[in-house]
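With the hints as constraints, model all of the structure from the sequences given.
Plus 914 on top of the position in the sequence shown (first one is 1) and you've got my numbering.
Among these hints, one or two may not hold up.
[As the list claims (entries may be wrong)] Mimicking DSS-like on lysine-lysine, the simulated pairs with C-alpha atoms at most 30 Å apart in a straight line are:
{"id": "1", "residue 1": "K1053", "residue 2": "K1186"}
{"id": "2", "residue 1": "K1186", "residue 2": "K1085"}
{"id": "3", "residue 1": "K1286", "residue 2": "K1268"}
{"id": "4", "residue 1": "K1186", "residue 2": "K1262"}
{"id": "5", "residue 1": "K1274", "residue 2": "K1226"}
{"id": "6", "residue 1": "K1262", "residue 2": "K1226"}
{"id": "7", "residue 1": "K1286", "residue 2": "K1262"}
{"id": "8", "residue 1": "K1186", "residue 2": "K1286"}
{"id": "9", "residue 1": "K1085", "residue 2": "K1268"}
{"id": "10", "residue 1": "K1226", "residue 2": "K1286"}
{"id": "11", "residue 1": "K1186", "residue 2": "K1268"}
[To be verified] Label pairs and their calculated CB-CB ranges:
{"id": "12", "residue 1": "Q1276", "residue 2": "V1182", "range": "36 to 44 Å"}
{"id": "13", "residue 1": "A1245", "residue 2": "H1089", "range": "20 to 28 Å"}
{"id": "14", "residue 1": "T1017", "residue 2": "G1051", "range": "17 to 25 Å"}
{"id": "15", "residue 1": "G1051", "residue 2": "A1027", "range": "17 to 25 Å"}
{"id": "16", "residue 1": "G1188", "residue 2": "T1081", "range": "19 to 27 Å"}
Note that these hints are calculated values from the structure, not bench results.
C-beta: ideal position from N, C-alpha, C; glycine also.
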Amino acid sequence: MKRIWLLFAQVFTVVAAALAAASWMGWTPSFWTLGSSVSEGPVAMQVAPQRDPLPAEGALSFRVAAARASQAVVSINTRAQRGAWSGDALHRFFGVPNDTPQTGLGSGVLVSAQGHVLTNHHVVDGAQSIEVVLSDGRKAAATVLGTDPETDLAVLDIDLPNLPVMTLDLKNPLHVGDSVLAIGNPFGVGQTVTSGIVSALGRSDLGLSTFENFIQTDAAINPGNSGGALVNVYGELVGINTAIYSRSGGSMGIGFAIPVNLVQQVLVDIVKEGHVTRGWLGIEPRDIQAEWAAELGIEEVRGVLIAGVLEKGPADRAGLRAGDVVTHINAQPVPSVSRLLTEVAAIKPGQSVKLQVKRKKQTLQLQATAAKRPVMAVSRPPR
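Rendered as structure tokens:
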């Protein structure tokens, strides 16, 4: 046995010495490494062999996703006549003629072969003419099928053959940390792709629109990106870029996009009816402040305070009063005003709504019939 071990040790030593000498001389057997050695001057580099591309979800490059999505992202050019005051001021101070049209830039997403283009309401609001420019250079005049100021969405229509169409990701939930790409036309420089992650979900109370449920991302979004696409690593639409948080006018790593599920609901309603139909109860809701709770005799802070009720409106007829706290709608908790508005808006006019209400120490079950929500004026900071 000792002789066998002695022989094995001698053979191993000889083989190891031979491999070390061969490596020092620049030769390495193929099984020794997964790559090959390439000499560039004095540097010997280890270069990986050519391999098949990794699937998009595992690759460091997002070129596949960018190529799939970019062709369906368009640039939008708008023209509108200047207001009387601004035209006069520009004429007096800068010599610009009073009738010089005001131009605007934005982005959009082709979502059907019939020529439906999604963008932001604020991109086309007040425009007298709209031109859509495709990634392949084709141009077309666009008409507005309808807009929804309360979500800051609009649907345009163009007439061109062989249109590239973006795929909507409606089934796979988005998670914080997922990689995303923002595609649009920032500052009018041309189509641009930026990458980042989902920083947060369900952002609300930003004062950007009535119905807020934004995706927050650190992918660079700048003026001109409005209405463009936020896509996943498969090149599928997960949101419409709509706003940035900025003190300088440029990207600071906080951008917001409207989630694709809300986008799809608005798209279908506008294409079918030319507008969005939502439920309405005729209430003035307020988020509960902790200091109010003691004054109003509210034991739990969870819920939405009703500050006012429209006389003879759906809530008034159901028995809701100012000072009540709505905790649930159709058995769904409503911890904030934005959630309450979203739940009510999703109810079709004429349908019954069950409300669970706290009135001081009482818990009440009320039933209302939703009416059609009137179109509300929405003020929004300029893009």
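Which numbered hints turn out to be false for this structure? none
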